[in-house]
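So the chains spell out like this:
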Amino acid sequence: MRSAAGPAGSPLDPCVILGVAGDERVEGFGAALARAGLPPARVLDYAGFAEAPERLAALFPEGRGLLRIESPGGDPRIRRALTRLGGAEEDAAGPATRLVPDHAFQRGLAAALRLARRIVPPGVVATHDPDAVALFYDKRACHAAMAAAGVAVPRALPPSGDFEALRTAMRAAGLARVFVKPRFGSGAAGIAALSVSRDGILALSSAELVPGGGGAVLHHSHRLRRHHGAEAVALVDAILARDAHAEQWVPKAAPGGRPCDLRLLVVGGEVAHTVLRTASGPITNLDLGGRRADADGLRALAPPAAWDALREECRRFAGLFPDNLHVAFDVALTASLRRHVVFEANAFGDLIRRVRHQGLDPYEWQVARLPAWIAARRPVGLAA
Amino acid sequence: MPYENLTTFFGRPVEDFQSGMEAWDVTRVVPRLRVEYDSEDTIPSMLGEYAALPAAEATDALVIGYWQGEDTSQEIVEALVSYAGRFPNLRALFLGDIVSEENEISWINQSDLSALWPAFPHLEHVQVRGANGLILGRFEAPRLTTLILESGGLPRRVVQEALAAGAPELRHLELWLGTEDYGGDSTPDDFADLFAGRLFPKLNTLALRDCAYADDLATAVAQASVLERVATLDLSLGNLTDAGAEALLASPGVAKLSRLDLHHHFLTDATMGRLERLGPAVDLSQQQQAEEYGGEIYRSIAVSE
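So the sequence lines, in the order shown, correspond to chains A and B. Its first residue numbered 751, the first sequence is counted upward by one per residue in our numbering. Its first residue numbered 55, the second sequence is counted upward by one per residue in our numbering.
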C-alpha cells in the first residue's frame, strides 16, 4: 500500500495511471518516478476502468494527486472494452492486421476520459483534457483546428466517398499528389501516398486488399508497396469507404536523398524531445522502414529562421491546450528547407525511444516538469 | 532517384530565388525557381519577377525546379521565351530539378521545347528531367556542348530529335533511356548513325544510361567507330550483365577509353575483376542482384517510375 503523503508531499503522490498495465509507456513513466525517488504509480487499465469506473475514485483517498492518462495502445482486450463503451461490438474473430473503422473505439476512449474526469475528486489534476484527446485523434478535425489557428498545414480536400470523388476534388484543387489517411487511426496503418496523372495512378501504402467472403477486406501488411492503376483505385476506394482525410502531399526535405520529418514533443508549453525520421520514400514511420536520426542533422542544413518558426508554431499550438501536459507533433521542413508544415498533433506521442533532452528521457523530463505544471493548473473539479 | 535537388549547376552553387527578393548576385549563385506548397506564386510569375531584376541580364544559368500539380512545363517554356530579351546571356538551363519526394521522374509533365532554341541561341548546357510530353523539335543549337535528358523512359521520337540536333559543338551527350513501361521504346538501331561516328564530331562523353537493354546496347557500342572519338563511355544505371560486359572486354575501342562508367549493374565478381584490369578507370559500384518473382528473373534499371 502507498504510504500517506503529508501536506508537504509531492504533487505526484499519489499518481494513478489510466493506461495499459505493464506496457512500455506505463513502465517508462514508472521508471522515471522511481529515479526521482517518488512512490510508484498505481495503474488502472482501461478495461478494468470500463468495467468498474468507481475504482478510479477510490485510488485518490485524500482527494488529491495526479491522474496520468496514457495511450490505450493496441491491446485487443482494451480495444474491445473501449469499443463497447463507444456503443459497438468489435468483431473479435478477425485477424489482428485487419483495418476496421475506429469510430466506435474513439467514441469509447473519449467517453472513458470524460467519465474519468467526472469521477476523480476535484483536487486531482489530470494530464489530458478529454476534448483535446478526441480532437487530436480525429485527423480531419485536428487539421481544421490547426488551420484555424494559423498553423502551416497541407491543403485539405473535402471529404470524398470514393476515388472518383477524390480525383475530382484533386483536380479542382490543382493537386496531383495527396495523402489519404484514415480519419481515426494511428501510425501509418491504412495511409496511402497517392499520385495521379493523365496516364497513371500510383498509391504507396502498407494497406492491402485481401479477397474475403463478403468482398475484399483491408489489412495492414506492415510493408510498403506500390499499387498501380485499377489496383490503386480499389485500395483508395477501400480506405475512403472507412472515412478518410485527404490532404496535399507536401514535398518534405530530403537530405541525403531521404525524405524526413520530425516528431517534436512539447511538454508544459516548451519544446522538449525531437527526433528525425528518415525514409527512402514519403512515408517515414519507423515500423515501415523509417530510420531514426539526429534532428540536429536537419537543423544544421536549414536556415535558423525556418527551424525556429517550426518549433515556435508547435509550441504555440500546444499552448492552446494548456490542460494537456504534452502534445507531440509530426512536422517537416519542406524540400526547400525554408518552410515548415505540420501534419499531425498527437495526444500520446511521447514514447520517443533513446532520445534525451537535457539528459532526461521523455518520461523523466515530464516528471521533472510536472510539479511546476501542476502548480499552474486549476484542479479539474475546481473550474470556475 | 533522383533524390536530391541540385546544389551546384554550371559550376556555381544553386540557391532558390524567392518572390520579393530585390538583389541577386549572379556571379556567386545560380537561381532556382521552384513553387512552395503554400504559395500562390507560379514559375511564370516568379520568372517575370526575376526578369525584372537588373541581375537578369547577366544571368548565364537558370534552374527551374518543382512546379505544382498536373501542369506541364508548357507555360514555363512560354514564359522563358517571352522574357528571352531579358536573358541575353543565358548559357545553361535545367528544366525540371524535381526530386522524387516532389514528383516521380516518370510523372513529370514536360512539353514542346522547340521555341527555346531560337530564343536562347547561346545555350551551351541544356538539361531536362522527365520525358512525358517532351518534344525537342528539329533544332539548331550552335553553341550546345552538353545535352542531358533524364527520364524513366525516353521515347524513341525524342532520341531521334536529340540525335538530329544541329549541334556541332556537342561534347557531352547523356540520355537516360529508361524502360518501355514508362515510354522508353528506343532500340540499339536508333543509335546507328551516332555509333558510326556520323554525328557530333566533337563528342567526348557518350552516356547512354538507365538502359533496360544494356547488354544489347553494350554489344552495339563496343564495335562502334564513335569510340575512337570519345574518352568517356557511360552505360551506368542500367541492367548490364556479363553478356554485355564480354562485348566491352573484347573491344579495342573500349580498352582505349579513359573512363568507363558501369555503376549499377548485374555483373559477376569475376567479370568485374577483368573490367578493372582492362585499362580505363572503371566505376563498378552498386553491384545489383537479380530478383526472382513468380518464376521470372528481373533485373531492374535504376530509374524507372
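Hints in this document: simulated from the structure, not taken from any laboratory. Just so we're clear, the structure is a prediction, and the values are computed from it rather than from any experiment. Ideal placement from N, C-alpha and C gives every residue a C-beta, glycine not left out. Don't take each hint at face value.
What the hints assert, rightly or not - Cβ pair distances, simulated, as ranges: (1) A:A891 / B:D337: 50 to 56 Å; (2) A:D1044 / B:G74: 31 to 37 Å; (3) A:R1106 / B:E58: 29 to 35 Å.
Between A891 of chain A and D337 of chain B, is the Cβ distance one that fits in 50 to 56 Å?
holds (53 Å)
I want to verify a distance hint. Is the separation of the beta carbons of R1106 of chain A and E58 of chain B within 29 to 35 Å?
holds (30 Å)
Lying within 31 to 37 Å: is that true of the beta-carbon distance D1044 of chain A to G74 of chain B?
holds (33 Å)
Hint check: no violations occur; every hint is consistent with the structure.
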